[in-house]
Amino acid sequence: MTDAELIEKLKSDLGDTVEEISNPARRRLFLKVAPQRLLAVTTRLRDAYGVVFLSTISGVDNGEMFEILYHFSTPETDYNIRTEIPKANPHIDSITPAIPGAVLYERELQDMFGIVVDGIPDARPLVLPDDWPAGNFPLRKDWKHERPQEVIPGGKS
Amino acid sequence: MAVVRTLLYLVVYPGLLFLFLYSTFCEWFDRKVYARFQNRMGPTHTGRFGLLQPIADFVKLLSKEDVVPEAADKRLFAVLPIIGLAVVSTAGLLLPVWNFDLANPGWTSFSGDIIVMLYLLSLPTLILFLAAWSSTNLFSTIGGARVLTMLFGYEVPLFLAVLSPAILANSWRLAEIAAFYQRKPLLLLPNLLAFIIALIAVQAKLERTPFDIPHAETEIVGGTFTEYSGKKLALFRLTFDIELVVSSGLLAAVFLGGFPGGAVVGFIHFVVKTLFVIFLLCLLRALTSRIRVDQVISFAWKYLAPLAVLQLLAIILLKGFLP
Amino acid sequence: MKIAVFLPELLRHLFKKPATVDYPFKKLEVPKDFRGTPYLNPEMCIACRACERDCPAEAIEISSVNEAEKRFRMVIHNDRCIHCAQCVDSCPTTPKAMQMDSLFEIACDDRHKLKTDWVYVRAVLKPKAAAPAAAPQAAEPKT
Amino acid sequence: MSFQIPIGPQHPALKEPISLRMTVEGEVITGVDIRLGYNHRGLEKLAEDRNWTQNIYLVERICGICSHSHATCYVQGVEKLMELAPPKRGLYIRYLVSELERIHSHLLWLGVAGHEAGFDSFFMYVWRDREVVMDLLELITGNRVHYAINTLGGVRRDLDAGQIAKIRDGLVVLRKRSEYYFHIGANEPSFVARIAGVGYLSKEKAVALCAVGPTARASGWARDVRKEDPYAVYDEVDFDVATADSCDVLGRVVVRVKELLESYKICEQILDKLPPGDIAVKAPRKAKPGEVVSRYEAPRGENIHYIKSNGTDKPERLKVRAPTLGNYPATVEMLRKGFIADIPLIFAAIDPCICCAERSVTLIDAGSGEESVARMSDLRRRAIVRHENAPLKRNAVWPL
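Line by line, the protein sequences are chains G, U, C and S. The letter at position 139 of the first sequence is residue 139 when you use the numbering used here, and the numbering goes up by one with no holes. One gets the numbering used here by counting positions in the second sequence from 1 and adding 1000 to each. One gets the numbering used here by counting positions in the third sequence from 1 and adding 2000 to each. One gets the numbering used here by counting positions in the fourth sequence from 1 and adding 3000 to each.
Zero decoy hints are in this set.
Which chain S residues face chain U? A few, computed with CB under 10 Å, are given here:
hint, residue
1, F3003
2, A3117
3, G3118
4, P3189
5, S3190
6, A3193
7, I3195
If you are wondering where the hints come from, they were derived from the structure by calculation, not from laboratory data. From a predicted model like this one, the values you see are computed outputs, not experimental measurements. Idealized CB from N, CA, C, for every residue including glycine.
Full structure from sequences and hints, please.
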């Protein structure tokens, strides 16, 4: 099945649950869905299209909004599901009911962007230390890392 | 005079000094052969051909910081390496290396010394277990449990295998067993199976691959030795080296026809035969991968112990036919 | 399943030469394109700062000593250098002002000894000049 | 009696820091927890203030073993963003290096598997043979580990006839030796007894937990990015996807061995078809705004980079998912109900590359034993204080 046929099928199948489907390159489909429909679309894709493999979840800080991309892949094509949530109220539903392997990526998302994933089975921080100051989310654009002064132990300067 | 002689026996030959030098040499030999099996160089640069490397390691460990865990039973923790060393050195005294004359054997040779020696050789295992347990580290505890578990596997086959030549020789005395096979070397052949079983069991006793389970570094870090450092670790390593010499000497005396000849020839026999046994142990080490502790037990009880019993039966039958 | 399949292999190796190189006593030859330590040919450098801009480890520092005399100072922090040779690729001159040698034993006990610096006069490249245009008198590397 | 043992952050079986908390009952594992973040380097944030060229070397240093994988994955994506078409010869050389890297990585892994099982002879032989491919890589790229052969728009170094001949010779030696050693390694009873039936991961679980690479393929799930999303030269070469159905560590060994043999085949095909011409085109300094998802089959599995550009010479966002991170949930599943003795083998069987999985923020440190985590700077300060206050030459006791 080529990408174009697949897009037609997806459009007729999912209807207006998907806001936008684009195909910028071969084997790359970008679907845009509303955050509250994410789990439904994921489940539907898993059951009807065999989309079981989640490569990763990447988040981008776009200023006012967080853009979250779920990168799925199947032998036919890659699905990248995009959703946007407001920075003021960063809540998203967990997709672990559909894809159990998503938990690590969702934990990373929580750590790095401060997005609250509702219904995540394991909400502990993944990569940040326990004494990490609350409210610091490193991959947000307004978080700046200050490089510490280089000190050479026992050195002259 | 007798006191001086006894002291010389104890301290110089075949006592501590000789055992120290010879065991470090054996460690060098073992490491070198192991390295050559694996296309490596082994110790090269300390002393000629790296001969001094084990001594250098020993001295280096002696000079290292000695850390004792807070929660450990400190007295037991400190005293165990010394007891271990004493036990294996005592076992070393029983080796028939210096009993040149069977009619007038030294005061350490007596009827039943083979049993005493086997007993002394099982003590280090218990000492290891105590050392592991007293250091209270999690990894040590697991290692200690593994030491004891393995003990139940290899000890019985080892005893059965070592006793079968003794039964054939009709003696419980190492010097007499050695002398018996000296007279009738062909009778060594029926003991071949027992020799192989004893080799495997000794390998397990010395905790070398494939039986290095109690201190399998990739699984439980240092295992029994996790908390040991500095002087105590050095003594433990020396204990293992001496145990290697003593147990290979035991196998050589029992299965390879003893160490006949006078002082010099007998000593050369001793060296050649123990090195041969160490070579075989080293080969076994290079040949296999580590197995799990449950596999050790099932291997020992499914194969080693029945085979050892079979060997014993065969020897007893053979003895009936012999004049 | 067989027993002791490794045996012939092990015994054969007993008589083979070790595969190990006795390193500090014998040394291996490195290939001719080995990426070692970067160094500067001061007579070719036009101080365009392309290397400084592209260096991923920020190991190159170029500062102006005297703008009127066109004297520049370049410091290569070999303690930060990751030996990627991007500075050589980025260098626009022909022949290159930045080059790599094949030294690999540069470890030492003090990070400050790893700094190399040059004070030099900016070269003015003539279009087809084969010889370096500027005098290299000020170009002694100091450590 | 059940108790918890910490495997890592420092442990002889793990060459890199990760913390596994095992709840064990005797020798049997009953619970597993993985803690990351011991050595997080903040690479994704760092990439946002480096230019496109600098980032090649930054992502290359995500990992030492699969350095080329990350660099290639990144470069592939940026080339799409910049709409560059690298010349054929450049691509062939780039993917030749990537196959050689796969060979070196798999040989390394086989040796490590031998070592974890206590089979040191196998380890030594395999690593000795690995030197052959390391030397080839050094010959081609000028370095043994960080090849740095990728540049935007092609590769940086060309191959000459002498090098090609040497690579062919090396491949012949490698193939001969690997076949021989795998034959005898696979017949050594004590080794096979250690790895067969250990670390079971059923196909359903592998799919559900999104396992990647050889781990998934050993569970009978034939997924290979090179086959399903053929990038660059992979639709021009002929190779098979290796799979195994035994779902255990033995299956993972088999998959990697088969992949090695496939890689020798691919390398030879690439050398046969190597076209003449340029090796690189000039790349612009800035990329147009856009986004790209770049996938690459690293030796450990699927490697995916999401790159977003905002029209400047620096990326807006670079998301790196290394294969090891994808395999962690599957590892937890595999370790359950295993023996303590199996931990190193099972964990090593995913070919963990901890530095790959740890990328995003600052140096942190999981403290020993207790569940306390301290900042690296804090630890360093404490270490310096302790060093300065330590009395000279006294029997020290553990300071806890």
